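Trainee: Residue numbers (the working numbering), protein chains in the order written: chain X, 1 to 503; chain W, 504 to 644.
It is possible that some hints are incorrect.
[To be verified] If you only want the chain X side, here are some residues facing chain W, beta carbon under 8 Å, derived:
id	residue
1	F11
2	L14
3	I18
4	T490
[What the hints assert, rightly or not] Where chain W lies over chain X, by a calculated footprint (3+ residues, C-beta under 8 Å):
id	segment
5	21 to 27
6	50 to 64
Derived from the structure by calculation, the hints contain no laboratory data. As the structure is a prediction and not an experimental result, all values here were calculated from the model. Where a beta carbon is used, it is the ideal one built from N, C-alpha and C, also for glycine.
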Amino acid sequence: MIDNHILGPVFIHLFTAILQLVAWRKTATQRVISAIGSFLGLLVAIRLFTKVYTTGILTLNASNWEAPFGIVFVADLLSSTLVLITSLAGLAVSLFSSTGISRQRMLYGYFPIFHFLVMGLNGAFLTGDIFNLYVWFEVIIISSFVLMTLGGRKTQLEGAVKYMALNILASTFFLTGIGILYGITGSLNMADLSQKIKLVNNQFLLGITSTFFLIGFGIKSAVFPLYYWLPSSYHTPPSAVAATFGGLLTKVGIYAMLRVFSLIFIPDDFTRNLLMVLAVLTIITGCMGALIKLNIRRLFSYLIVCHIGFMIGGIGMFTKVALMGTLFYLFHDILVKTNMFLIAGLIRHKRGTMDMKSLGGLYAQYPKTSLLIAIVLFSLVGIPPLSGFWPKIFLFKEAFTLEYYAFVAALVFGSFVTLFVIARMWSEVFWKDVPANVDIEDKFEPLPLARKILLVLPIGILAAATLFIGLNAEEIVQLVDRISDQLLDTSAYVQAVLGNQNL
Amino acid sequence: MKSPILQSATKYLLPILLLFSFFLLLRGHYYPGGGFVGGLVASIAFVLHSFANGTEATMKILKRKPLSLIPIGLGVSAISVTLPLLFGYPPMTGLWFEEPIPFIGMIGSSLFFDLGVYLVVIGVVLTILFTISLNNLEEKN
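Next comes chain X alone, as it looks inside the complex (with noise of 0.2 Å):
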């Protein structure tokens, strides 16, 4: 069905950021607009999302011109629930970012780059056209480029360099796989592409394509062995900017993946087999990298990188029962990492450091903070029943039927090792006294109330929203069980997008 107002969310972040361009150097100003557009994004997606709920998947022509040769958007169930989230853990991010950002960063644009990130997160999941898929990520490397280096301290610029180095060798092996692709068929629209690849003799050429993209998108989204940008580059930004990347950037790798994976090449065993091997690299590596980290932040990217694994293992398994899990994981990870990189931003604010050596007392001195915190916590190891729990049965049920052991011990040592180092820094950050030869900076006590709040309610949202998923899993579990179907069987997708003419 044709819907011209599927793109509401990328324009409201589009306008948000101009109007903040205008307002330049005014951060006060700013931060309002900043706040006010987040939540009409949010309103437009819920919106957006309840209309794909009910009434199926929704297109829109560009320029109105007809699906295959113009650019066409489209919101199936998958991309408008990330749309949803995204725009849920930007509200969360924008509301952070008005405290826990310095003015210096405001002054030389925080804020409308970061509208401008968020809306090409929401333009990526939203196109349905490769090379426009392609435009999107550029508008999101770009913006977080900046984000990245704003402030200018040497380690930022050390840690961006990196994360532009292999962000770009990404973007080069997907513009070469997007290139022979369009060679091989003379097509970028992704429905068009999924119907004429069937035709295509040369399947050697498509596993090669293949494999360009799977690189390209390894790369964002962290997979072994060309992971190691992450945990380099993630500490060194301001803890608001790195919820976002930790939160959203490596998880538009992931949307990638399964679009392209579902649509255009349905993994043959080869590459499922590939996969399964680099999830396991993935989780091990990512656990190791974990366990000997004792700075916070250093310690969750560790943690990404790791949680990623359990996506991709997922996606290598491709059958209903593991995409139902996958699913269910990126929905709770995108919720949950955001969430403990602006936990981390809060410790900072409490104590000046993020190191666990020096960190100590926070449960002494706030206890209810804390035990917010503690419900992310919870939801990130996988206690039942909050929301990590009920995507790990799906992962574990699906490995045991395929006999993927290898995989199932990976999810074994993964979520220990989850269980351990979150447990760890429980003991090290909230229970143990603050040590003997350290001096306190406690900026968050002298603050104003308002500004507090604005610190500890998006903690609060995303923790609500995890502890929703996770009470609510039933509902979760129908939602990821009709997107996967739709994954598994893109017909709907097709007609929606080409019509009926080409089935």
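Given chain X, work out where chain W should sit, using these hints.
Mentor: Same frame as chain X, now just chain W:
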């Protein structure tokens, strides 16, 4: 660089280059040209002026900071993209006036998109170049 030849040449070149950039902007709908190239030519005109008379003199004839052109241009483009939604068309659809206007020809919403790009390009190029040249001046002083 103070050279009387360059200064008097610039006096005539500046309006000609600006006119040429408008020509490129208007021509861009069906032929090579458009907002991006037009914007580059227009910013070259101002760069030439700043070569001949110094950056401060160019800032004076511009009257406002080039940075402020960026949000204006982006706004014009974004509005021309979303305007078709009000008429029930998908975003970016070209809306056209029925009658051609003398000298300019047919006017449609895509012209305003190009106009936005034109302003953004001028804003970005001049901001970058002026920042560099003003930094150099400060270092010399």
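Trainee: For every hint, state whether the structure bears it out.
Mentor: The hints, checked one at a time:
| no. | hint | in the structure |
| --- | --- | --- |
| 1 | F11 | 6 Å, holds |
| 2 | L14 | 6 Å, holds |
| 3 | I18 | 5 Å, holds |
| 4 | T490 | 23 Å, violated |
| 5 | 21 to 27 | holds (count 3) |
| 6 | 50 to 64 | holds (count 5) |
In this structure, only the earlier hint numbered 4 is contradicted, and the remaining ones agree with it.
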